[in-house]
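**Q** Protein chains in written order, with numbering that gives the first Met the number 0: chain A, 0 to 330; chain F, 0 to 363.
Possibly wrong hints are sitting among the right ones.
[Claimed, not checked] Restraint ranges, calculated between C-beta atoms of paired labels, are given here: (1) P99(A) / P350(F): 55 to 61 Å; (2) N323(A) / F100(F): 50 to 56 Å; (3) L127(F) / K310(A): 57 to 63 Å; (4) D100(A) / G136(F): 51 to 57 Å; (5) A334(F) / D280(A): 46 to 52 Å.
[Claimed, not checked] Computed footprint of chain F on chain A, listed as stretches where at least three residues anywhere in the stretch have a Cβ under 8 Å from a Cβ of chain F: (6) 46–58; (7) 66–74; (8) 182–195; (9) 292–303.
Because the hints were derived from the structure by calculation, they are not lab data. This structure is a prediction, so every number in the text was calculated from the model and none was measured. All C-beta atoms in this analysis are idealised placements derived from N, C-alpha and C, irrespective of residue type, glycine included.
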Amino acid sequence: MIRIRTLAGSAAAFALSAAGALADPALIFDLGGKFDKSFNEAAYNGAQRWVQETGGSYKELEMQSEAQREQALRRLAETGANPIVMTGFAFGDVLNEVAPDYPDTRFAIIDAVVEQPNVRSVIFSEHQGSYLVGMMAAMASKSGTVGFVGGMDIPLIRKFACGYAQGVKAVKPDATVVINMTGTTPAAWADPVKGAELARSQISQGADVIYAAAGSTGLGVLQAAADENILSIGVDSNQNHLHPGKVLTSMIKRVDIAVHDAFAAGAAIETGTVLADLKGDGVGYALDEHNAALVTAEMKAAVDEAAARIKSGETPVHDYMTDNTCPAASF
Amino acid sequence: MNAMPGWADAIVVPLISVLIAFAISSGVILAIGESPVEAMTLMVTGALGSSYGWGYTLYYATNFIFTGLAVAVAFHAGLFNIGGEGQATLGGLGVALACLFVPWPHWSLALIGAMAAGAAFGALWAALPGWLQARRGSHVVITTIMFNFIAAAVLNYVLVNVLRPTGSMDPATARFPGATNLPTLGEILGAIGIPFSRSTPANVSLFVALAACVAVWLLIWRTRAGYEIRAFGKSDRAAVYAGISPVRITMLAMLVSGALAGLMAINNVMGEAERLMLNAVEGAGFIGIAVALMGRSHPFGVLLAALLFGFLYQGGAELALWTSIPRELITVIQALVILFTGALDNMVRQPVEALFLRLRKGAK
């Protein structure tokens with residue numbers, strides 16, 4: 000594992016922080032853990048790619064509890080880190096308070112919109128990517144029942160579920176989509192045991208493809224699916240390699256690109272809201288050697304065609320968060 | 000009994016325990032391949048080297064004063080209240096309700112109202128285990144720790160289903176109205192001409208905490224109720240013989256203890272976050288146990304121990320930020336402090352007592 004370069008010695012750290020000249024970028028991971036092989040790890044990979052390209056160094060912090068967010072943000076801003084990138088909607092409110100106190104620092108937040116002049120908000124069209132993997136799930140399913148395991152029950156995760164259900168119904172209108180959420184608090188992002196239990200319960204209801212959008216909880220879902228010899232669908236990062244031949248595909252959300260771009264732009268990062276959708280390759284499905292045998296040519300052709308129609312606007316995919324309703328699933 | 004003077008009992012013994020704890024922690028730091036000297040310098044500069052560091056140190060210390068006093072009051076009655084975490088959680092709910100639903104004209108009135116609500120909710124949460132102990136003999140250690148879990152679940156339910164503003168995904172209440180925002184230490188000191196970082200959460204609650212120290216001292220050593228609490232704590236049967244009602248004293252001690260823990264919420268919920276979120280207490284209820292043990296249940300000792308733990312907390316955050324030493328190392332130091340001041344107290348006390356006895360003989 001590559002170890003992140005930290006500043007050499009505390010003395011250097013102080014010399015720099017006292018002068019306020021530490022222009023390194025910083026990355027804050029929200030609850031769920033850096034190595035969740037999913038959302039946070041995608042951010043980590045983006046930062047690592049930037050390190051490899053530029054040889055630069057950056058600071059990173061991992062949240063342990065909800066109440067630390069503000070101190071973490073302020074501390075990094077105080078030391079002069081710029082830009083400061085954070086993953087997760089939960090930073091939205093805190094950032095809205097902190098950003099005006101540091102007008103010379105640029106911030107980037109993923110999955111939330113913060114209306115401040117020095118903030119770049121990156122949001123993704125997860126419903127579009129989920130629609131595509133939903134189509135694949137429906138085509139791969141023999142039982143006509145597919146599952147969805149979400150992390151924390153929030154509109155954002157319902158947006159994933161809703162897109163997925165629409166994709167499933169587009170292929171098989173009479174298919175059943177079983178939807179479960181792991182919990183109502185951020186602890187739901189890091190509970191693989193419960194994830195596995197939910198997956199098993201869905202399997203007993205007949206599901207033979209299960210899509211997990213639940214941070215590291217999803218690892219339990221993928222594991223249970225592999226153990227029970229059914230297919231699963233990964234999320235955010237490409238998770239196909241976790242159980243080769245058992246993971247149908249992964250709904251990729253290019254958090255890594257968002258972090259990489261923010262780091263590469265440095266202090267000159269453009270602010271405002273950025274929408275990463277299917278058209279801009281912000282979301283998509285993963286195809287590699289680990290799932291090549293699972294994805295038939297017919298499946299790929301159908302999904303690629305649908306993707307083209309979504310990009311052109313011919314097939315609109317309903318976004319749950321626009322009106323908190325879903326035409327294809329009920330919560 | 001009086002082998003050594005009071006100051007030695009209150010200062011020297013805890014100090015030696017802390018030094019031993021630090022020595023062992025240095026060994027742990029060495030073992031994970033970092034320099035203990037560098038780590039210590041980093042902690043000291045990070046926590047005390049700037050007004051920013053002081054701001055956070057004092058903010059954490061304020062939390063620990065409240066929870067430390069809460070545990071100390073219960074200790075005096077011979078009760079081990081380890082439910083400070085849950086009582087402070089419920090106190091936070093009380094403070095949040097007071098701040099959100101009462102249109103306060105000024106922060107000072109809001110503070111008084113929030114204090115009343117926080118203390119009432121905290122006291123209520125301690126009253127149930129207290130009543131079960133007093134009337135049913137259900138051990139307060141078991142019930143208070145179970146009430147911590149219930150409190151966490153209650154907060155979870157309330158934040159997710161009741162107080163979360165529509166359209167928000169984060170399980171937290173809305174921001175409190177501006178009139179309830181407490182002046183920070185930076186603003187107070189700035190007003191009298193002392194420059195102090197304005198971006199730290201230390202606030203006027205610190206003075207409430209100091210006042211609480213005095214109030215607890217007055218209660219325990221200067222009132223009849225305090226005398227009864229101490230008598231009951233020393234020997235419950237003797238206290239009953241002296242006509243002290245065990246039910247009344249148990250309830251009183253638990254109510255005061257819970258109220259003090261609940262008061263903590265004016266610092267972390269009203270002063271810092273200005274909204275109520277999950278895990279707002281951040282373990283301060285448990286650290287209060289260490290603080291009370293180290294401070295020998297005396298308000299002044301609690302104050303000093305709270306400052307030490309405030310330093311450890313802020314220094315630990317700095318460690319986690321600048322080195323690869325995890326923040327959890329502070330938990331190790333904290334656990335060692337509890338081990339030496341609580342469980343292995345006599346290991347330090349007896350040699351020190353022996354030393355004082357020898358000194359005294361030498362003087363004669």
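**Q** So, for every hint listed, does it hold in this structure?
**A** Cross-check of the supplied hints:
no. : hint                          : verdict
1   : P99(A) / P350(F): 55 to 61 Å  : holds, 56 Å
2   : N323(A) / F100(F): 50 to 56 Å : violated, 26 Å
3   : L127(F) / K310(A): 57 to 63 Å : holds, 60 Å
4   : D100(A) / G136(F): 51 to 57 Å : holds, 53 Å
5   : A334(F) / D280(A): 46 to 52 Å : holds, 49 Å
6   : 46–58                         : violated (count 1)
7   : 66–74                         : holds (count 6)
8   : 182–195                       : holds (count 3)
9   : 292–303                       : violated (count 0)
Violation of the numbered hints given earlier is confined to hints 2, 6, 9; the remaining hints are satisfied by the structure.
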